[in-house]
Amino acid sequence: MPKITFVSPDDGRTTVEAAGGDSVMQAALANGIEGIVAECGGAMMCATCHCYVDEDWLSRTGAASDEERAMLDFAASEVRPSSRLSCQIAITEELDGLTVHLPEAQI
Amino acid sequence: MSSERVVIVGGGHGGFQMAANLRSEGFAGAITLIGEEPGLPYQRPPLSKAFLKDGDAARLHFRPQAFFDTNNIELMPGTRVSRINREARHVTTATGTEIGYDHLVLATGSRNVRPPVANLHLENVLSLRNLADAADLRARLSAARHVLVIGGGFIGMEFAAVASDFGVEVTVIEGADRLMARTVSGAVSKHFLALHEGRGTRVRLGRFVSELLDDGTGRVAGVRLSDGTEIAGDLVLIAAGVAPNSELAAEAGLSVSNGIDVDTLLRTSDLSISALGDCCNFPDPVSGNRVRLESVQAATDHARTIAKRLTGKPAPYTAVPWFWSDQSHFKLQIAGLGSGADEQVALEPEAGGLVVINFAAGRLISVETVNSAAAHMSARRLLASGRPVAQAELAAHNYNLVDYARAV
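Chains as they are written, first to last, in full-length UniProt numbering: chain U, 1 to 107; chain C, 1 to 408.
Here chain C stands alone, though its shape is the one from the complex (with noise of 0.2 Å):
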C-alpha cells in the first residue's frame, strides 16, 4: 500500500463514495474529507424532487456521524480548500491550515452557471444546487403563484413538475428548441414536452430571457424574452447547467479542458492527484472521446475504481453510464451514451411508456426509457458486457430489449 494519508476535497456524492470505499476496500491509512458546506454529506438528487415536498433533511444524509466515527474517516465540514502545494503534498484550506497528503483526491464538483440575465440579483431570483438553496426554494414556493424557469434541463423539469404539484403555475423558457436538448434524444423531449404541457406547465422553447422584470422592490416580477415578450411571474428559478470546479486544479498546474483531464485510471496529470465526478473529463471507454457526466453514476463508480487502485488492485475505467430524471409520475432512465447516434428506433410498448434504442454504425449505444424498468436494466446488461449488440441482432427480437438479454 503506498498511500498513507488520503485527503479527499469536496463532500459531495462522490466525496462521501472515495471515503466509504476506500474503508470497504481495506484501506488503512489516514482519510481526511473536506467540505465546503456545514454537516454531515448528504445527496442532492431529492433536492428537486422529495425534498421539496417533504422537507426533511436528516433524511438525506448518506450515513450518521457515527459510521464516520467507527470508520475512522475525518470530516472538516465547512472548510474550504484554496490552494494545493504539489511540491509539498499538502492542500491550504481558507483559513491557512496546511493538511498534508501522499494521495489527494479532487472531488469539487459542479457550480450552476450564471446566465447572461440582467437582473439576477433581485429578491425571489433563486437557483437549485445545495441543501440551503432547496430549503429556500421551498420556502418560497409555497408562497408563489406563478413560477418561471429558466433552462428546460433536467432540473428545471424537475422543478417544474413539483412546482405544479404545488398547485402553481409554471411557465419554463427554455434556449433550445426542445427540452433537456443535452442528454436525451428528440423522441424523449416531446414525450416530456406533452407530459409537462398536459399538466397544465406552459413551455416556452427556442426563447431567451434578457432581463428579469423589477417589480419596484427590488422582488422579481417577471422576465423580459430577447424578442420583447413579458411574461409576468414572483419567483424564478436559474436552472441553466452547470460548470466544473477546477480551478483549484488548474492553478496548482494540472490538466484541465473541460474539467480535470485524468486518464482511463482516473489520475491526472499529476501521479499523486486523481479526480472523479462532475469535475473531471475522462476518456469515454466505449467511444475513447473524453466526456464529463454529472451524475450519481459517475461519482459513484469513479470513487469505487480510484478506492481500487489505491489499495493495490488497479483497473482501468469501464463503468456503463446510467442517468435516472423523476418527474411527476414518470421516471426517464438512460443507459450509455447518446451521443453520436446515427440511427434510432422509438417503440411505445404501454401507455405512457417510451424505449428509444440509438445506435451508432449498427451497433447499440444508449437506450432511453420511460417508465420501463426492465428494458434499461437489459440495456444497462448488454452496454456492460462488452460484446457489441448489432442492430439486425435486435431487429430480429423486435427491439424487445428484455428478450434479447435473456436469449444471449
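Chain U with its partners taken away, still in its complex shape (with noise of 0.2 Å):
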C-alpha cells in the first residue's frame, strides 16, 4: 500500500498507509490527519481540504485542474503553484512516498 506522509504547519510528520484508489483527502480522513476538514466530502464544493504539494512530487502529481482552480480561489491560506485539493489527487502506486504539507487553516 502506498504511503503518504503529512506535514504540519509546526513541520510535525505523519505517515499512513493509503488504500489505492483513495484520494489524498480520504487517506487523511481515514487515518486521524488533523487539518484536512473536507466539509462536502470529496465534491469539489469547498476549500477545506487543501494542501500543498512537496516540490518533489509536483510532477508526478500533475496540476490542477480550472475546475480545481477555481474552488482553491476560496481556500483560506495562501494559494501557491503547488496547491491542490486533497481530494483531486488519486493515489497510486506510483504516489508511494508522497509528501503533502498541511496549510495553517482550511477555514
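Because the hints were derived from the structure by calculation, they are not lab data.
Backbone N, C-alpha and C fix where the C-beta goes; we use that ideal spot for every residue, glycine too.
Just so you know, nobody snuck in bad clues.
Looking from chain U toward chain C, a few residues come up when the C-beta cut is under 10 Å (computed):
#1 A19
#2 D22
#3 L29
#4 N31
#5 C40
#6 G41
#7 A43
#8 M45
#9 A47
#10 E67
#11 E68
#12 A70
#13 M71
Join these two chains into a complex; the hints should help.
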C-alpha cells in the first residue's frame, strides 16, 4: 500500500498507508490527520481539503484542473503553485512516498 | 460557557458537523451524538452517485471511530429519540433511557415522501435515503432491465444518470412540466432534459403515476399513469421529494411550520434547543423570508453558527446557500436562492456549459452554472460580500462573472 506523509504547519510529520484508489483526502480522514476538514466530502464544492504538494512530487501528481483552481480561489490559506485539493489527488502506486504539506487554516 | 452537556439528535451531515465544530471551537463540555442508523456517521451525497458505482461504504465515513474517541464525542448509533422533556431537560430514547442536556441540538433531517400511488408495497419498489437503501438499490440495479424513476428532481436525475451508465433502460416520470422545477430555472431544466435524452433516457413530463403494476407474484412490472398509459419496468425508484422530521419538536411544543422554526441565531422557540439543516426553517438573510433548505451547505454552516454561539461567539447566520448535482459528466452548481427572480440572463460560455444569472428588482440573487466552476465561485464570492450587485454593472462586463468579481 502506498505511503503518504502529511506535514503539519509546525513541521510535525505523520506517515500513513493509503488504500489504492482512495484520494489523499480520504487517506487523511481515515487516518485522523488533523488539518484536512473536507466539508463537502470530496465533491469539489469547497476548499477545506487544501494541501501543498511537496516540490519533489509536483511532476508526478500533476497540476490542478481549471475547476479545481476555481475552488482553490476560496481557500482560507495562501494559494501557491503547489496548491491542490487533496480530494482530487488519486493515490496510485506511483505516488508511494508522496509528501504533502498542510496549510495553516482550512476555514 | 453556559452549556456543559450538548446532546445532538441526528447523526447525519449536520449532526456530525455540529459535534466536530463544537470541539474545534473549543467547547470543553460533554457531547453526545445520537443517531438512528447503525455505525459511524457517513456522507449521504455519494449515495446517489459514486457509491452506486463503487459500493464502498467505508469511504463514506466522515471520520473513523478514533476521531470520536480522541475528541471525546460520545456516539450513540442505532438509537431513536422518542421524546423531549423540556422542563427536565432530557431526551428519552425508544428503549426508555433518559439523557440529560444543557443544550439540545435537533439535527433530525428529512425523510422521503411517499406519493399517493397505489401498490407502493410491491417488490423492487425502492427509495433512496440512507446507506441501506443505496446498498439495496445497487444490488438490484445490476439485475434490472428497465428502471422507472418517479420524480425528476436531483435524486431522481442523479440516479437516472448512473442507471443509464449501467446500461439499463431508464424512464423518468415527472409531474411538473420540467425537470428539477423546484430548484432550478427553466433554462437549466431544458439543458438537463437534452442531456438525459441524449443519453437515451426517456423523460415523461407533466405525467402522474397513479398505480404500480403487479407482475402476479408481488413484484413490480411497471406503472400506470393517470391518463391510463402503462409503462413496463422491473425496478422502480420513488424520488418524490422529502418532508422535514419535525414531529419530535412539535410534540415537545416547539414552534413548527415547514420544519422547526428557528431565529437568525438558529434557536428554536425554546432557547435551550437549536435546530439545523433539513429539519428547520430559518430567516433567509437576504430576503428575510423563511426558508428550509435540503443541502450539505446549510447543514454545515448552520452547525458552525450554533457551535460559535455555544462557545460564546454568537453571530447571526449569514452564509450564502450553495448546491450541486452531478449527473453524468455534467456538474450543476447553484449559488444563492433563485426564488423571486424577475429577470434572467442565460449564457453558454462553452460547449455543454451554461451560466444562468438571476436578478430580482435589478439586483443579483443567484447564479446557476453547468460545468462552469469559476463562474460559480465568483458568484459565491459576490453574494457573500453583502454588497448588492446591480444588473447594469454586470451587463457592463458582458455578464462575465469572473471578470466582474476580479474587477470589484
